[in-house]
Structures are given as C-alpha cells and as structure tokens.
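The chain contents come next:
There are 2 protein chains.
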Amino acid sequence: MPVVTEQDNRKAVVLLSGGLDSAVSLAKARHDGRQCFALTFRYGQRHAIEIEAASRVAKALAAHRHLVMDLDLRPIGGSSLLGQGEVPRGRDLDAKEIPSTYVPARNTIFLSLALGWAEVLGADEIWIGVNEVDTSGYPDTRPEFIAAFEETASLATRRAAEGHRIKIVAPLQGLDKTAIVRLGMRLGVDLSLTWSCYNPLPGPIPCRECDSCRLRARGFDGAGVRDPLI
Amino acid sequence: MPVVTEQDNRKAVVLLSGGLDSAVSLAKARHDGRQCFALTFRYGQRHAIEIEAASRVAKALAAHRHLVMDLDLRPIGGSSLLGQGEVPRGRDLDAKEIPSTYVPARNTIFLSLALGWAEVLGADEIWIGVNEVDTSGYPDTRPEFIAAFEETASLATRRAAEGHRIKIVAPLQGLDKTAIVRLGMRLGVDLSLTWSCYNPLPGPIPCRECDSCRLRARGFDGAGVRDPLI
Numbered sequence: 001m002p003v004v005t006e007q008d009n010r011k012a013v014v015l016l017s018g019g020l021d022s023a024v025s026l027a028k029a030r031h032d033g034r035q036c037f038a039l040t041f042r043y044g045q046r047h048a049i050e051i052e053a054a055s056r057v058a059k060a061l062a063a064h065r066h067l068v069m070d071l072d073l074r075p076i077g078g079s080s081l082l083g084q085g086e087v088p089r090g091r092d093l094d095a096k097e098i099p100s101t102y103v104p105a106r107n108t109i110f111l112s113l114a115l116g117w118a119e120v121l122g123a124d125e126i127w128i129g130v131n132e133v134d135t136s137g138y139p140d141t142r143p144e145f146i147a148a149f150e151e152t153a154s155l156a157t158r159r160a161a162e163g164h165r166i167k168i169v170a171p172l173q174g175l176d177k178t179a180i181v182r183l184g185m186r187l188g189v190d191l192s193l194t195w196s197c198y199n200p201l202p203g204p205i206p207c208r209e210c211d212s213c214r215l216r217a218r219g220f221d222g223a224g225v226r227d228p229l230i
Numbered sequence: 231m232p233v234v235t236e237q238d239n240r241k242a243v244v245l246l247s248g249g250l251d252s253a254v255s256l257a258k259a260r261h262d263g264r265q266c267f268a269l270t271f272r273y274g275q276r277h278a279i280e281i282e283a284a285s286r287v288a289k290a291l292a293a294h295r296h297l298v299m300d301l302d303l304r305p306i307g308g309s310s311l312l313g314q315g316e317v318p319r320g321r322d323l324d325a326k327e328i329p330s331t332y333v334p335a336r337n338t339i340f341l342s343l344a345l346g347w348a349e350v351l352g353a354d355e356i357w358i359g360v361n362e363v364d365t366s367g368y369p370d371t372r373p374e375f376i377a378a379f380e381e382t383a384s385l386a387t388r389r390a391a392e393g394h395r396i397k398i399v400a401p402l403q404g405l406d407k408t409a410i411v412r413l414g415m416r417l418g419v420d421l422s423l424t425w426s427c428y429n430p431l432p433g434p435i436p437c438r439e440c441d442s443c444r445l446r447a448r449g450f451d452g453a454g455v456r457d458p459l460i
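These protein sequence lines are chains A and B, in that order. The first sequence begins at 1 in the working numbering and counts up by one. The second sequence begins at 231 in the working numbering and counts up by one.
So that you can see chain A by itself, here it is in the shape it has in the complex (with noise of 0.2 Å):
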C-alpha cells in the first residue's frame, strides 16, 4: 500500500491491465490523492490470467472500487492476443514494425467505456499507463493520441456538454521501463501481483520471450532489482 496523500479526493477512473504499468499508474493515482474507480476488460486475451492480477492489485492499492466489464472482442480479431496465430518470441524489441499482438484500436476503446463511467461517477480524470518509450510500438500509446482522445471526451458526454474539461492522464509517458519499475518501488507497489507476459506457460510461468516479459525484464534489470515473478 502506497503513502497516500490525500491532498485531494478527487475522482479517477483508472484503466487496470493488472500489467506493471498498469499497476504503477494506479499506484500514482492514489499516491496523488485520487479516489481511483479501476476498469479491466475481459476482452478475449489469450492471457487472462492478468485479470486475475488486476484484482489483486486493485485490492492492495485499496481501488474504491474494480469493476471487470466483459467485452469479447474476438469477433472483430486482428490480433495474435486474441488467438489469431502466435505470440512472437524473442523479436527485435527496436524493430520499427507494429508487431502482431496489437490489437485494433484498443486503447480507443477501452478509453471509450472509461469515459462513460467516469460521466456516471462524475469523474473527471482518466488515467493509462501508456508510455511510448519501452513499448512494441503501438501507435495508441502515442501522446499526440491520448491527445486527441482527451479532445474528443470533452465533446462526446453531458458532463463535457455541461463544461467539465475531460482530462487523459498518463502518468508514465516518457518513461522508460526501469523508471516505471523505480517509481513503483518508490510508491511501494508489490510487483509480484502484477502480471505482464503475453503467452504464459503452465504454472503460471511468464515464458520470458515475449515482447511484454522482455520488456519488464529491461526494466527491473535496469532497477537493478530481481523481478519477484522470476
């Protein structure tokens, strides 16, 4: 459980992979005070088994609330994350190639039902976890993306109609994973019960070739710290 401030109680709808990035943008959110409404999405992920840590999360960093909506997005597809072909192994994570585990328009729409609950809570703020430096790539990750999102939310609801500016707050833009992995050691986010890896094997074990367990291995070997999940 992170120091929380409380300098504020202001509301926040916070977007919960149950991933490490995921987790330490919650771990902001709180620590600035916020009262945090987490939202995961069951959404046909290979590796579902993240939402299991979403829930884990969500409960140590003391989320007012976790609401896990179900939105199957497998008949749209276009994504090895929804099953369509395999997960790569051990790609060039400097490629420049959008890889095959994007899935289409994600963020969009996962900000989309953010923003309609933030309009039910009365919430203003909406926070991701995206970062566009240790990342495959994915163009929603974008800050002239989350951006243009945040234009669009203070048109689309009755909250923006009646003069709430919408905010998209993504605490860990431009950081890289070893800082994301030190800011949530300084918050005090227990790492283990995050989940990253995209094609877990039996156990759960993360496979450690995918671009996500590389990804986080990048950061804590950076940190300079053991991963607990290894």
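I should point out that these hints are in silico values taken from the structure, not numbers from a laboratory. Some hints here could point you the wrong way.
With a straight-line cut-off of 25 Å between C-alpha atoms, the simulated SDA-like cross-links for lysine to any residue are [claimed, not checked]: (1) B:K397 <-> A:G77; (2) B:K241 <-> A:S100; (3) B:K397 <-> A:E151.
One-sided excerpt, in silico: chain A residues whose CB lies under 7 Å from chain B [what the hints assert, rightly or not]: (4) L93; (5) V120; (6) T135.
Where a beta carbon is used, it is the ideal one built from N, C-alpha and C, also for glycine.
Dock chain B against chain A, hints included.
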C-alpha cells in the same frame, strides 16, 4: 433494395441500430457503392427488439456482412435506456436538457469498436446515422464531436500510422426527420423493417410517446406519408 450505382467498391463499416436513421445511412452507403459491413450492439438496451430490425435491414439492403457484438453497458449504467428509471413520455422535444435516455459516451464507444473492425477489414470509412436537427440533444451527435473523433481515429490505429486517413461519414447530418424519411423512400428503403421505439408495448407495438416514436412521427407527418409500423 435500393438502386446501387456501384461507382466503387470501397469498404465501409456502417453502424446500424435498426432504427430509421441508421437504416437510411446504410442505404445511402449502399447507394454510393460501398461494400457495407453493418455493426450492431447488444448493449443491454431495453428495446433489444431493435437488433432484430437491424438484421432485417442489413439483409434487405444487402450488407456484405452484419456483426452483432455483445457489450453489456449496464455495469456502467447511467441511462433509462439501460433500465435505470423510466423512459420519458410526452417530453418537450425542443427542451434544451439532455434526457435520461442519453447513454454515456455511447457513440464514442460504438465508433471505437467500429474503428477496430474497420482496421481488420481494411476499411477507411465508418458511417453513422447521427443528425442534430431532430434528435434528443445528445452531445455525441454534434458535427464537432464527429470531427474530433475522426482526428482521434486517424492517430489511433496501425492503418492510420501507415498513412490511411479514417473518415467518419455522417450522411444525415443537417437533415431533419422529414428529410430523412424522404431520403429513405427515395433510396427505396422498406421503412416497415425498422424499429425506433424505446419503450415497446407487448406485440410489439411502438408506444408513440417516447422521444424516438415522436421524432419518427414528426418525420412521417412532415413527409406526408403513413408510417408502415403504425
């Protein structure tokens, strides 16, 4: 079945609720030669009967495919259309307040999912039957919202990152209900296949008291034709 000019065979995802407006939007897309991928949501709406109408319309207008996606928005709630409270009857249609039938962020959510499907299909157009003349004043029907979403979409996906501009087409924007009914008739749409009522009576029979029934009646009255559903 409307006249199809087949001027091209561009793919388009067309949001299709099963109501009057979305049926005319689909007919226009077909008339303009698009290969149409109709998308409907089972989102927990009390008038789920509209989904059957959507299937009839998609078939009659020869949509290339029709996908009905499950996305239960009731855990988010915030709308009488999702079962919270009663659907207003006999409301002043020209009142400025946004009625309880407004579903938080619905068009943002639906457009986002359409964007994901469009990417998988290789489509650069999403059609939506919004209009802001004869409506209940929902904020996410306004041209500035549609324009903002188009900006976001054009930053959100791999396809956009590869240089494709995503276009949100709102062919009914600026039309009143009378003009929409006339356009539908000119395009040969069988309007008896559509369904508008938010609050169906057993039968099912349109209630003729909700906003959606009354806006529909305004359109048929204005066009001087009898609604085949009544």
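Results of checking the hints against the structure:
A hinted pair counts as satisfied when its Cα atoms are at most 25 Å apart, and K397 of chain B with G77 of chain A qualifies at roughly 21 Å. Distance restraint check for K241 of chain B and S100 of chain A: the Cα-Cα separation of roughly 23 Å lies within the 25 Å cut-off, and the hinted pair is therefore satisfied. With a CA separation close to 17 Å, the supplied pair K397 of chain B and E151 of chain A stays within the 25 Å bound. The beta carbon of L93 of chain A comes no nearer than 17 Å to any beta carbon in chain B, farther than 7 Å, and the hint placing it at the interface is violated.
Given the 7 Å rule on beta carbons, the hint for V120 of chain A holds: about 4 Å separates it from the nearest Cβ of chain B. For T135 of chain A, the shortest C-beta to C-beta distance to chain B is roughly 13 Å, which exceeds 7 Å, and the interface hint is violated.
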